[in-house]
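Protein chains in written order, with the numbering used here: chain A, 1 to 418; chain B, 1 to 409.
Hint data in this document are derived by calculation from the structure and do not stem from the laboratory.
Be aware that a few hints might be false.
[Stated by the list, open to error] With a straight-line cut-off of 25 Å between C-alpha atoms, the simulated DMTMM-like cross-links for lysine to aspartate or glutamate are:
#1 A:51 x B:268
#2 B:21 x A:250
#3 B:143 x B:87
#4 B:21 x A:372
#5 A:54 x B:168
#6 B:21 x A:384
#7 B:389 x B:289
#8 B:388 x B:336
#9 A:47 x B:73
#10 A:51 x A:31
#11 B:151 x B:289
#12 A:301 x B:73
#13 A:301 x B:75
#14 A:54 x B:146
[As the list claims (entries may be wrong)] Far from chain A, some chain B residues (derived; all Cβ distances over 10 Å):
#15 14
#16 23
#17 28
#18 30
#19 169
#20 234
#21 239
#22 245
#23 271
#24 342
#25 380
#26 409
Yeah, the Cβ is synthetic: ideal placement off N, Cα and C, and Gly gets one too.
Single-letter residue listing:
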Amino acid sequence: MARQIRKVVVLGANGAMGAGSGEVFAAAGIETTFLARTRDKAIEGQKRAEKLAKSSAISRFIRTGSYEEDLARAVGEADLVFEAVSEDLALKRVYFEQVDKLRKPDSIVATVSSGLSIATMAAVGGASFARHFLGIHFFNPPNVIVGCELIPHAGTDPLVVADVTELLNERLGRELVRTSDTPAFCGNRVGFKVLNECAQLAEEHGAGYIDALVGPHTGRAMAPLATIDFVGWDVHQAIVDNVYAHTRDEAHAAFALPALMKAKIAAGCLGDKTPDKGGFFTKADKAKGAPKPEPPEVARKMKELHRVGRYQQAFDVFAEASGRDAELMRRVILGYVSYGLNRVGEVVEKVADVDRIMGFGFNWAPPGVLVDVIGARRTVKLLEAAKLPVPRPVVDAAERNQRLFDAAYVDVGRFFHG
Amino acid sequence: MTRPVYILGGYQTDFARNWTKEGKHISAMIREAVVGGLQATGVEPAEIEVGHVGNFAAELYAMQGHLGAFLVDVDPAFAGLPTGRHEAACASGSIALLAASAEIEAGRYDCALVVGVEQMKTVSPAQGGDFLGTAAWYEREAKGVEFPFPKLFGRLGDEYDRRYRLDDKHLARISAINYDNARRNPKAQTRTWYMNEAHARSCDSFNATIGGRIKVTDCSQVTDGGVAVILASEAFAKKWAARRATQLGAIPRLLGWGHRTAPLLFDDKVAESAGQPYVLPHTRQAIVDAYRRAGLADCWALDGIETHDCFTTSEYMAIDHFGLTAPGQSWKAVEEGVIALDGKLPINPSGGLIGCGHPVGATGVRQLLDAYLQTTGQAGAYQVDGAKKFATLNIGGSGTTSCVFVVGV
């Protein structure tokens with residue numbers, strides 16, 4: 001019989017991911033204890049959760065406390081211990097060592113870490129701790145973004161994986177993707193490859209031009225460099241440095257942090273969170289009515305067609321336009337399709353997995369949707385022309401004349417912005 | 001019905017979308033709904049003989065009229081297609097359906113496309129509330145009033161309270177049921193929103209009063225959305241059934257319809273029904289007309305209802321007007337679980353307007369599409385087991401225009 005998850009404790013519940021994840025558990029009617037360094041900090045997290053839920057009624061399921069006073073009791077009672085403290089292995093280790101001592105023998109321990117090795121963290125505790133340990137990667141803000149990665153390590157008990165899968169799918173309404181315990185898992189690996197490639201291109205072409213060229217008309221709510229500013233340059237650096245150091249794949253060079261970003265980070269420039277210093281764009285650049293660079297012709301044409309719902313024709317323009325702008329746009333977008341679908345078999349099992357995490361975690365047009373709208377046969381030709389690896393699923397779809405994206409209930413038009 | 005009118009299926013856009021944020025023109029919504037409808041039914045564009053569009057106020061929200069003409073733009077085979085646009089406030093979609101079905105009954109056409117569409121997230125909530133005021137008698141009931149419609153439907157609740165007593169906990173339960181059902185509907189606007197009965201019963205800055213007894217959780221929300229359905233004559237449906245390897249008898253039909261209009265002013269409605277058992281007698285009459293035309297003795301011949309819950313009070317009204325309880329006793333059906341998804345007569349398995357969303361001119365068409373999905377067993381996680389007959393009630397204004405369909409196989 002599946003274990004009942006009736007009580008959850010969130011460590012680091014005052015932070016954005018801690019409070020957001022706590023909201024998701026409490027919203028499902030699970031008694032959730034928010035812990036932080038002080039009770040006041042935990043209450044800040046609770047208020048944050050109420051604001052996300054737009055309801056004070058959610059607090060019926062929220063308890064608050066401090067590590068000093070409440071850790072032993074709360075961890076001892078919890079069916080799931082959810083760690084969301086800062087992304088620092090030394091700090092996490094301190095908490096995991098205590099959790100290992102205090103937890104019930106059959107309780108599950110999960111981390112929301114978006115980059116650190118799950119196996120390394122699992123090894124902090126004893127054999128039971130390791131067997132019950134896995135990663136649950138929510139995307140921020142988790143009450144809105146339903147995409148979610150589940151990352152067991154080699155030693156995670158399959159029953160734990162099954163129970164957490166059931167919890168996330170059935171009770172928490174997640175679009176769940178299981179990934180391997182590899183750097184940045186699936187969503188961030190594929191997404192930050194594109195983002196960092198754009199940052200590299202910005203050094204040569206300028207940030208305004210790149211965001212106008214591969215902006216929302218190519219299948220995303222927010223343009224790439226504005227996204228890096230929004231995420232924070234420090235977070236961006238942590239993710240790409242980790243992937244660069246620990247992987248060797250066909251796009252390895254795309255994860256090298258551009259020199260200009262490195263220098264500016266050293267000078268304290270972290271994107272939107274340092275508004276005085278800015279990032280790729282300043283506050284003034286983003287202000288309403290601020291002048292924006294004229295989009296390149298190919299981008300303008302695509303936007304006009306998206307505006308009236310002619311997505312297929314917009315991607316005819318994408319595929320057929322000539323010139324430097326079009327070639328650069330194809331390099332980035334087809335590079336995303338190629339890199340994303342090449343992770344099938346390595347990081348995830350199926351095309352649907354990478355499609356789901358990019359669609360519901362990143363709010364980007366999933367690679368499969370792009371292949372369908374471009375046409376599988378034409379995608380193969382374009383990938384070959386751009387000297388990009390042609391992933392097996394695209395070849396198969398072209399040979400069988402099949403569509404790749406399988407979620408019939410999704411309006412794919414929502415990914416393409418006019 | 002003089003001649004049968006069949007429903008071949010259709011398509012609903014995801015009601016959680018914000019088409020303004022996507023940078024989309026209303027024609028994109030029409031195109032997605034129509035292309036989706038053609039794909040879902042396998043009807044060829046060249047087979048469509050006439051197009052009807054239901055829309056409330058694109059002139060205000062999107063600075064665009066003449067929406068029928070956008071159908072022609074969807075496919076080259078639609079060149080020259082006769083089209084038109086219909087308006088009756090929130091009942092616009094049903095009026096388009098009535099027009100299309102009348103043409104099929106009259107034998108003018110064999111295959112009609114009906115689209116309901118509304119883009120509402122183009123303006124601020126206050127501006128949108130003012131636009132919606134034109135569905136009332138604007139100068140007398142809405143001009144200078146902030147959010148006139150919650151106030152009008154709050155007064156519907158007050159009238160129930162005066163005649164029969166009304167406990168707001170029953171309104172909270174209605175809201176919670178709609179949100180619960182919406183969680184099962186992958187196209188519903190609120191499918192990921194936090195909601196439960198405790199929240200619906202709370203009253204603070206998160207669930208503020210909008211007008212009278214109406215709080216945020218009593219309201220349907222501002223929604224963008226388009227829906228297309230395809231209606232057909234028996235001759236066309238036979239041909240289509242053979243092509244789809246199905247039986248004519250398995251295709252849902254419009255078994256009956258009702259259509260009545262009450263005085264526009266809410267005060268006049270109340271004055272007219274004073275001393276009568278039903279608060280909105282013309283709405284009741286539209287339901288009775290539809291039952292009669294469909295040959296149904298009462299509501300218990302139905303397997304489910306998709307009703308117009310623009311506010312919880314309108315669903316409360318629908319419960320006794322459909323005859324689930326005696327007049328004034330709707331609370332019994334709420335308390336006894338009759339209207340729940342697994343109840344004796346589920347109401348709004350889709351989540352209704354409160355949960356699924358209310359793109360005003362699209363709602364009537366969305367209700368009919370859901371009735372089609374239910375009676376063909378295609379409603380997925382919000383399917384009412386074994387449903388054979390469903391009714392819809394679509395209301396324009398403060399109970400002014402009432403349109404009812406009975407759909408069945």
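Tell me, which hint numbers fail for this structure? 1, 2, 6, 9, 11, 15, 16, 17, 18, 25
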